[in-house]
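> Chains as they are written, first to last, in the numbering used here: chain A, 11 to 332; chain B, 1336 to 1722.
Derived from the structure by calculation, the hints contain no laboratory data.
C-beta: ideal position from N, C-alpha, C; glycine also.
Honestly, I wouldn't trust all of these hints.
To be verified - Each computed DSSO-like pair below joins lysine-lysine, with the alpha-carbon atoms no more than 27 Å apart:
no., chain 1, residue 1, chain 2, residue 2
1, B, K1487, B, K1554
2, B, K1717, A, K70
3, B, K1526, B, K1589
4, A, K33, B, K1717
5, A, K298, B, K1467
6, A, K312, B, K1391
7, B, K1717, A, K110
8, A, K298, B, K1508
9, B, K1491, B, K1658
10, A, K299, B, K1474
11, A, K33, B, K1436
12, A, K298, B, K1474
13, A, K269, A, K302
14, B, K1508, B, K1391
15, B, K1519, B, K1487
16, B, K1401, B, K1463
17, A, K299, B, K1467
18, B, K1589, B, K1474
19, A, K70, A, K160
20, A, K126, A, K110
21, B, K1487, B, K1401
22, A, K249, A, K228
23, A, K160, B, K1657
24, A, K33, B, K1595
25, A, K244, A, K228
26, B, K1474, A, K228
27, B, K1658, A, K33
28, B, K1550, B, K1491
29, A, K299, B, K1508
30, B, K1658, A, K302
Stated by the list, open to error - Sample of chain A residues facing chain B (criterion: CB under 7 Å; computed from the structure):
no., residue
31, R30
32, M48
33, P204
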Amino acid sequence: MITSSKNVLILRALIALCKRDIKLPSDLYDLGYTQVVMDKTIRLEDDRSVMPDLIISSRKENHCVVWESKSGRSIDNDQAKRLASIEARAFPDQLMLNVKIEDGFAFDIAYACDGKECQNIRVDLDRVARAVASVGAFPLVGFHEESGIKTHSGRFNKENINRVLGDGISIDLREVPTEYLRFDKDSPRSEIAPYVMTNIVAYATRQDPRFSAEQIAKDSYGSSWDHIRSNTTKNEIAKKIDNMLLEARQNELDGYLTKPGRGGIRSPKWNLSYLNRRGIAFPSGRLKKLQKQCIEFVNRLKNEEAGIYARQLRLPFFLEEE
Amino acid sequence: MGNLMKPDLQRTRLDMVYHLQDRMRSGYERYLDEQKLEWEGGLLKTYLVEADIVDKINDSHNQILKYLHTQAESFNYSPEELDEENFFALVAGSRSGRQVKFDIYYVDASDYRFWVVYTVGHSSRTDKFMDKLVTNSTKLDNAWFPMQFLSKLVEKGFFNGLGGRFNNDPFTKEEDDQLKISLKLWGNLAKDVFDAFQNSERLRRMFSLSSVRLKRYFKGSDESITDDVNFFGKVTSMGQSFDSHLDLVNKFYKDEYKHKIVQIIEGELAIGIADKSDVAILRGEPMFVRFGNSIPNIELFVRSLFSGTAPFRLWGLQQIIKKDFARIYAVDLHLGRTLTFEVFPDTIRIFLPLGTCGNTIARFFTLFQHHYDSSAELLGGKYDHLF
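Could you build all of it, start to finish, from the sequences and the hints given here?
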């Protein structure tokens, strides 16, 4: 499961390569990797299970890749061993992917990581390989700011993807869309805030009188919210958003955002209004002012986080703005 | 309005068809005699409206009726439930001196999402009424026909007239930089004029079709029908056959336009987890508005486009990622829904979240052609030309 925002960036880039995007390379899309599965638990033979970060599948290549994205310099040994236990039948039977098992089907378990950490991850994989040999054969793909995405070590079981990732894909990671995977529970607040702000403005536009933090969390996260299996994760995201709104109400959104109700994250206690005194929305100076205030709020969060992430994170593309 | 005598209503669709057919015939004769396009009780106007009201299909009639009642006071009309399922009338009165004039709008919501609204009222009143009804609602929208859609439409008959407009007001405040054109012409040389405009490098980018006039002859007869199809979903019909008018509207609106909005934009291209099944398959593709009129200053451009004001009514939080790339988390203020735009100098990449109305895309693209670059193209997924 995704554990940090760096993972989110890597996974977004992998998904973007599977889309037809005229502004980005479409190498994986061109090879037919158009089926993208997220947040799916795979049952293993010995009653264990594993949830990889991402699975992509190509009917044309008759091939699937199970991706595990690493944000740091080490791997979860147990997760690697469980990933090694995935069997071919899981792809059509459990994941409902359109592949033909009896016709040259192959799959790979691949790791994706920050280009600077490839060597450390490889060492970890090789160490686990002493117990489970197949882990040593997992291909490892690095994400580099300068040279893009490139296989560091290991080989894929299909030549085309092996060639494409072996040659490297040049991509400006700042241009990778956020929409495929908006954020996760560990994402910095400044990455969540734009979705929260736009959703509460959307509620006000529709004149939905009250909304809860949980509702905002669901609408901000997007359609994969229902696939988050852990209620704890959902509650953590909703709580983070609730706190964010409290802070915004006391600062930049004072006078716009109100809390007429009480209660926890499920309580419809929040309200936002940008109507003018006559109850008319357009044209409204208040709406423009609200835009300015929301931007200021997001920028303040960014500035506050900048110091923290400069210390904690080492992915060069993490700092979004030049 | 309640104490005044209201006009008689046609209670069924068939009665409405006979009634409108009669009005079309007398209207057309007068048009031939006087060559005048508009008068009291004149030509048939059909407004094409996209509605996001029904969430329980089995209860569509009641949901639509309830909605029409909730809006009645604000827009000064009286909603009437007629004798058939999803068929209603709005009776709107407006004062003209001491007189009160009533216009009847028949709402055929047999397709509960893609409504067809008929009236023979004077367009000075009906345009205003429909504009107010749709613009002020987050549940209703016009059908929006981009340049390519209108220019293909004329292939269904003889291209007998056109309207065009362009103004870059939303993007420039400097009077010297403002570019404007507005014209309407008719006659069988319309295609030649259009082709000439398309062959001009400048006009190709700064002249967008706002309407096309389409003339069709009935098989084995000299009789004809002429329809003016407007970019915001209004069709004015001059002729004697309601059936023929309806046939045209059904073909381009309920078949072609609806297919693009529902099957392609919302069905194939909207981004999200497709269903609530156990497997979370991420579906959808980005859409792209591609244009030749390169944006000189992205920051200024996005500030203008996402200010929340008309005509685009898009409000957004912009992040200028680098000099030639910005991401905007936006709200479509017309419908109150969110979507994401990413702006490059020659392309706008759009992500429509699953469940958001595809009409937003048609509206944005059409208005973009009217205000920034009329040669812009919309593509996405396997479709090089979405319109």
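> Compare the structure with each hint and give your call.
Structure-based check of all given hints:
1. Note on B:K1487 and B:K1554: the hinted pairing holds, with a Cα-Cα distance of about 22 Å set against a maximum of 27 Å.
2. Between B:K1717 and A:K70, the direct Cα distance comes to roughly 16 Å. Compliance with the 27 Å bound is thereby established for this hinted pair.
3. A C-alpha spacing of about 26 Å is found between B:K1526 and B:K1589, which places the hinted pair at or below 27 Å, so the restraint holds.
4. Taken as a hint, the A:K33 and B:K1717 pair is honoured in the structure, with Cα atoms around 15 Å apart against an allowance of 27 Å.
5. Restraint check: the Cα-Cα separation between A:K298 and B:K1467 comes to about 23 Å, which is no more than 27 Å; the hinted pair holds.
6. Restraint check for A:K312 and B:K1391: not satisfied, since their Cα atoms lie roughly 43 Å apart, outside the 27 Å limit.
7. Using a Cα cut-off of 27 Å, the hinted pair B:K1717 and A:K110 holds, with the two alpha carbons roughly 24 Å apart.
8. Using a Cα cut-off of 27 Å, the hinted pair A:K298 and B:K1508 holds, with the two alpha carbons roughly 17 Å apart.
9. A threshold of 27 Å between alpha carbons decides the hint, and for B:K1491 with B:K1658 the separation of about 45 Å lies outside it, so the pair is violated.
10. Simply put, A:K299 and B:K1474 have alpha-carbon atoms about 26 Å apart, close enough for the 27 Å limit, and the pair holds.
11. As the CA atoms of A:K33 and B:K1436 are separated by approximately 55 Å, the hinted pair breaks the 27 Å bound.
12. For the given pair, A:K298 sits about 23 Å from B:K1474 by alpha-carbon distance, which is consistent with the 27 Å threshold.
13. Distance check on the hinted pair: A:K269 and A:K302 sit about 21 Å apart at the alpha-carbon level, within 27 Å; holds.
14. Between B:K1508 and B:K1391, the direct Cα distance comes to roughly 46 Å. Violation of the 27 Å bound is thereby established for this hinted pair.
15. Between B:K1519 and B:K1487, the direct Cα distance comes to roughly 18 Å. Compliance with the 27 Å bound is thereby established for this hinted pair.
16. For the hint linking B:K1401 to B:K1463, the alpha-carbon distance of about 23 Å falls within 27 Å, and the restraint holds.
17. Taking the CA atoms of A:K299 and B:K1467, the gap is near 26 Å; set against the 27 Å cutoff, the hint holds.
18. As the CA atoms of B:K1589 and B:K1474 are separated by approximately 19 Å, the hinted pair is consistent with the 27 Å bound.
19. Proposed proximity of A:K70 and A:K160 is supported: the alpha carbons are some 22 Å apart, at most 27 Å.
20. The hinted pair formed by A:K126 and A:K110 fails the criterion: a straight-line CA distance of about 37 Å is larger than 27 Å.
21. For the hint linking B:K1487 to B:K1401, the alpha-carbon distance of about 38 Å lies beyond 27 Å, and the restraint is violated.
22. Restraint check for A:K249 and A:K228: the C-alpha separation of about 12 Å stays at or below 27 Å, so the hint holds.
23. Taking the CA atoms of A:K160 and B:K1657, the gap is near 24 Å; set against the 27 Å cutoff, the hint holds.
24. With a C-alpha separation of about 23 Å, the suggested pair A:K33 and B:K1595 falls inside the 27 Å cut-off, and the hint holds.
25. For the hint linking A:K244 to A:K228, the alpha-carbon distance of about 8 Å falls within 27 Å, and the restraint holds.
26. Taking the CA atoms of B:K1474 and A:K228, the gap is about 22 Å. The hint holds against a cut of 27 Å.
27. With a C-alpha separation of about 16 Å, the suggested pairing of B:K1658 with A:K33 holds against the 27 Å cut-off.
28. Only pairs whose Cα atoms come within 27 Å are accepted, and B:K1550 paired with B:K1491 is accepted, the gap being roughly 9 Å.
29. Using a Cα cut-off of 27 Å, the hinted pair A:K299 and B:K1508 holds, with the two alpha carbons roughly 20 Å apart.
30. Using a Cα cut-off of 27 Å, the hinted pair B:K1658 and A:K302 holds, with the two alpha carbons roughly 21 Å apart.
31. The restraint placing A:R30 at the interface with chain B holds, with a minimum CB-CB distance near 6 Å, inside the 7 Å limit.
32. Interface restraint check for A:M48: the shortest CB-CB distance to chain B comes to about 5 Å, inside 7 Å, so the restraint holds.
33. At a threshold of 7 Å, the smallest CB-CB gap from A:P204 to chain B is about 4 Å, leaving the interface hint in force.
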